[in-house]
Amino acid sequence: MLGQLRQIAATLCTLLIPVATFAADASSTQEIRVQLSTASALQPVYLGYLQVQSASLSAHYTDQLDAILQHNLNYNGATKLSPRAPEKEKILNARDSAMTFHPATWKQMGIPYVLRWQVKEHALSLALFNTQNGEIKNFNELPLSGDIHQDRRQIHKLADAIHKAIFGTEGIANTRILFSYQASNPKPDGGDWISEIWECDWDGANLRQVTNEGSYTVTPVLLPRHPRYGNDRFLYVSYKNGQPKIFIASLKEGKGKRLVDLRGNQLLPAISPQRDKIAFICDAGGRTDLFMQPLHPDTGDAGKPIQLYSYPRSTQASPTFSPDGSKIAFVSDKDGGMRIFLIPATPMGKRANASMLTKKNRENSCPAWSPDGTKLAYSAKTSGIRQIWIYDFATGEEWQLTSGPGNKENPSWGPDSKHIIFNSTDGSASELYVVNLNQPEAIKITRGPGKKHYPTWGTR
Amino acid sequence: MKTNYTLFSIISSIACLLMTGCDKNSGTVWDDDKTSGNYKGSARALWGNDGAGPDGLLAPSSDDFLALNDDDLRTAFSDGAIPQPKHDPGEAGSGLPGIEGFLRAKGLEASIFKTLYFNTDDHILRGQESLAALDAIADYLKSHSNVYIFIEGHCDERAPEQYNLSLGARRANYVRSTLVEKGVDLEKIHTVSYGKERPAEYGHSADAWSKNRRAEFKIYKK
Chain C
1 MLGQLRQIAA TLCTLLIPVA TFAADASSTQ EIRVQLSTAS ALQPVYLGYL
51 QVQSASLSAH YTDQLDAILQ HNLNYNGATK LSPRAPEKEK ILNARDSAMT
101 FHPATWKQMG IPYVLRWQVK EHALSLALFN TQNGEIKNFN ELPLSGDIHQ
151 DRRQIHKLAD AIHKAIFGTE GIANTRILFS YQASNPKPDG GDWISEIWEC
201 DWDGANLRQV TNEGSYTVTP VLLPRHPRYG NDRFLYVSYK NGQPKIFIAS
251 LKEGKGKRLV DLRGNQLLPA ISPQRDKIAF ICDAGGRTDL FMQPLHPDTG
301 DAGKPIQLYS YPRSTQASPT FSPDGSKIAF VSDKDGGMRI FLIPATPMGK
351 RANASMLTKK NRENSCPAWS PDGTKLAYSA KTSGIRQIWI YDFATGEEWQ
401 LTSGPGNKEN PSWGPDSKHI IFNSTDGSAS ELYVVNLNQP EAIKITRGPG
451 KKHYPTWGTR
Chain B
1 MKTNYTLFSI ISSIACLLMT GCDKNSGTVW DDDKTSGNYK GSARALWGND
51 GAGPDGLLAP SSDDFLALND DDLRTAFSDG AIPQPKHDPG EAGSGLPGIE
101 GFLRAKGLEA SIFKTLYFNT DDHILRGQES LAALDAIADY LKSHSNVYIF
151 IEGHCDERAP EQYNLSLGAR RANYVRSTLV EKGVDLEKIH TVSYGKERPA
201 EYGHSADAWS KNRRAEFKIY KK
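Protein chains in written order, with this note's numbering: chain C, 1 to 460; chain B, 1 to 222.
This is chain C alone, in the form it adopts within the complex (with noise of 0.2 angstroms):
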């Protein structure tokens, strides 16, 4: 069975590379809405056409290069690309630099920040105009290596870097994504799926495959950033020995080991962001129960298992973690319709208070918490579709991010807070779609054949 589950495996693995080529334009639908509560204004940049002297580089190179930094400067949720227009040009390449670095000029525009780049033979570099200081940021010489696949990251970088020299803040461009790519391959006695863990950049590009089970996994959870180890680690659940239990891998080998020796299903993992406890569902004590273990944060050595929430008929699911790891949220239906609730992630051997959050919505699900602790995002049915809703810790207010069609589920956050990706089911087709809280366009980052979904967003 598992040879043959194997070349099944083997054989989605030919059919799902052509998926990985689609790369790098990630197209937004008009048909998701985002309602926007508490919208930042965009600041207008002007990236002029990119400068090129090279012998060996092609325009189609260079063009994918301009591709990826305008999408990193329309999506951050901070900046917003002004139109390239033939005067604008003029001045940008203009023969006097003191012409071009003239602030008035760009503020009579409306323009705060101007970017002027040029690659010559192999490598990159980016000026920065600040129009309101007349300050000059250069990023000098970034190296190229011709391969797209490679220098995505580098521009990746450089958008960080922009973001940071304007905002003080780095931006999430050089961040991963991983998922759980599940393909259908029904057999004549009723179906059967093989799901692996796939990563990709934020905006969808550079997808590979990272497991090899050829079973059935699912809800993969990038660790925070490991001083030895970097990004490097993931949980995820395998059915690969028939009930479904917790392992860690390397994003590098992408094999997995056991992590949680509990008997019976072990399910929906989350860590502190201190990587000292983890939480998930297990019915080892006979009831879909929520545990939580602690971990050493530097060694990953895992203490004794302890059953921190159980309730009577009742089914538990979902943990996130609060910044500080001291208290978690997670849904339960013991209060009847599906609801998220917050306790503290210390155990005090009997059950803790759960003050419920989520009083709008009947059913709520897969809250996740952002990084500066501020908001939950969660799926809510509304008028009969699932959509992402956000939790707002300081008002206690509950606010509809999302509209239009397409069951939206598992919310993630990206680094700073502000950038969510979720999968969006319409029919049968899931598909991954990213969002942040300062603009209206959903952009989905994935499709072709086979379901997408479960998405975990990485730290910095």
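Where hints are given, some of them may not hold.
[As the list claims (entries may be wrong)] For each label pair, taking beta carbons as the anchor points, the in silico distance ranges come out as:
1) B/Glu91 <-> C/His60: 51 to 61 angstroms
2) C/Lys350 <-> B/Lys182: 27 to 37 angstroms
3) C/His226 <-> B/Asn146: 46 to 56 angstroms
4) C/Ser184 <-> B/Lys86: 33 to 43 angstroms
5) B/Ile112 <-> C/Gly230: 46 to 56 angstroms
6) C/Pro449 <-> B/Asp122: 30 to 40 angstroms
7) C/Ser184 <-> B/Asn146: 33 to 43 angstroms
8) B/Ile112 <-> C/Asn241: 25 to 35 angstroms
9) C/Pro440 <-> B/Glu129: 45 to 55 angstroms
10) B/Asp122 <-> C/Pro44: 33 to 43 angstroms
11) C/Thr459 <-> B/Lys182: 49 to 59 angstroms
12) B/Asp122 <-> C/Ser145: 50 to 60 angstroms
13) C/His226 <-> B/Lys86: 32 to 42 angstroms
[Said to hold, decoys possible] Not close to chain B: a few residues of chain C, all C-beta gaps over 12 angstroms, as computed:
14) Gln64
15) Lys88
16) Asp147
17) Tyr239
18) Val260
[What the hints assert, rightly or not] Simulated coverage check for chain B against chain C, where a stretch passes if three residues somewhere in it have a Cβ under 8 angstroms from a Cβ of chain C:
19) 96-106
20) 126-133
21) 142-148
22) 182-192
23) 197-204
Rather than coming from a laboratory, the hints here were simulated on the basis of the structure.
We put the beta carbon where it would ideally sit given N, CA and C, even for glycine.
With chain C's structure known, arrange chain B on it following the hints.
What follows is chain B alone, placed relative to chain C:
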């Protein structure tokens, strides 16, 4: 490279021992080429060996985890907290094959181990037919001590997929608790939740949904 890792881990283990007095398993879980270190080797409980909490409450601790000690969790009904069998199938010591060794029932057993269906959002089986089926299954398992079963919990596509993974486990465990309550040996029954990830029917109609909210049985005869 292997030798560099070994050298590095020796140095870091020594450094660790000197600095924090941590045990021999340090540096294992996050490392790629070592097996995971876990509490069974080092027998560390969160608050010390007797499991007493900071305010002295002594929680009844099973071997595997520190359990809550609320009274209402001890009910012996179909919601009873019945522990899972001692070993996962396929594990050393279980005497059982992995899940792939448990198969759909054939012949006489097929009429006993029928698929059972749930109402929407429900984890309790209702209706005469379901209850009679549970009785028949319990009787069969009690009189055939060489038969082991897996109960699969499934959901339809409508509930959110994360919650469905949990609800599937809830359904499977409910059926298990009911059978144990009727006298079946708890070591004979294992549970697995597939959530909505393995539907029986692929449609989007109420009819398809009703066929997917189910508990299926797979059996193994030793």
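Verification of the hints:
1. B/Glu91 <-> C/His60: 51 to 61 angstroms: For B/Glu91 and C/His60 the Cβ distance comes to about 54 angstroms; the hint holds.
2. C/Lys350 <-> B/Lys182: 27 to 37 angstroms: holds (31 angstroms)
3. C/His226 <-> B/Asn146: 46 to 56 angstroms: Holds, at about 48 angstroms.
4. C/Ser184 <-> B/Lys86: 33 to 43 angstroms: holds (36 angstroms)
5. B/Ile112 <-> C/Gly230: 46 to 56 angstroms: Given range 46 to 56 angstroms: holds, Cβ gap about 54 angstroms.
6. C/Pro449 <-> B/Asp122: 30 to 40 angstroms: holds (34 angstroms)
7. C/Ser184 <-> B/Asn146: 33 to 43 angstroms: holds (36 angstroms)
8. B/Ile112 <-> C/Asn241: 25 to 35 angstroms: holds (27 angstroms)
9. C/Pro440 <-> B/Glu129: 45 to 55 angstroms: For C/Pro440 and B/Glu129 the Cβ distance comes to about 52 angstroms; the hint holds.
10. B/Asp122 <-> C/Pro44: 33 to 43 angstroms: At roughly 55 angstroms between Cβ atoms, C/Pro44 and B/Asp122 fall outside 33 to 43 angstroms, so the hint is violated.
11. C/Thr459 <-> B/Lys182: 49 to 59 angstroms: Roughly 50 angstroms apart at Cβ, these two residues keep to the hinted range, so it holds.
12. B/Asp122 <-> C/Ser145: 50 to 60 angstroms: holds (58 angstroms)
13. C/His226 <-> B/Lys86: 32 to 42 angstroms: Because 34 angstroms falls inside the window, the suggested range holds.
14. Gln64: holds (33 angstroms)
15. Lys88: Consistent with the label, C/Lys88 stays out of reach of chain B, its closest Cβ about 48 angstroms off (over 12 angstroms).
16. Asp147: The claim stands: C/Asp147 keeps its Cβ more than 12 angstroms from every Cβ of chain B (closest is about 26 angstroms).
17. Tyr239: Check fails; 8 angstroms does not lie beyond 12 angstroms.
18. Val260: C/Val260 is in fact no farther than 12 angstroms from some Cβ atom of chain B, at 8 angstroms.
19. 96-106: Held - the region 96-106 of chain B has 4 residues with a Cβ nearer than 8 angstroms to chain C, which meets the minimum of three.
20. 126-133: n = 0 at 8 angstroms, threshold three: violated.
21. 142-148: violated (count 0)
22. 182-192: Since three or more residues must qualify, the claim that chain C covers the region 182-192 of chain B holds, with 3 doing so at under 8 angstroms.
23. 197-204: holds (count 6)
Consistency with the previously given hints fails for numbers 10, 17, 18, 20 and 21, ordered from lowest to highest.
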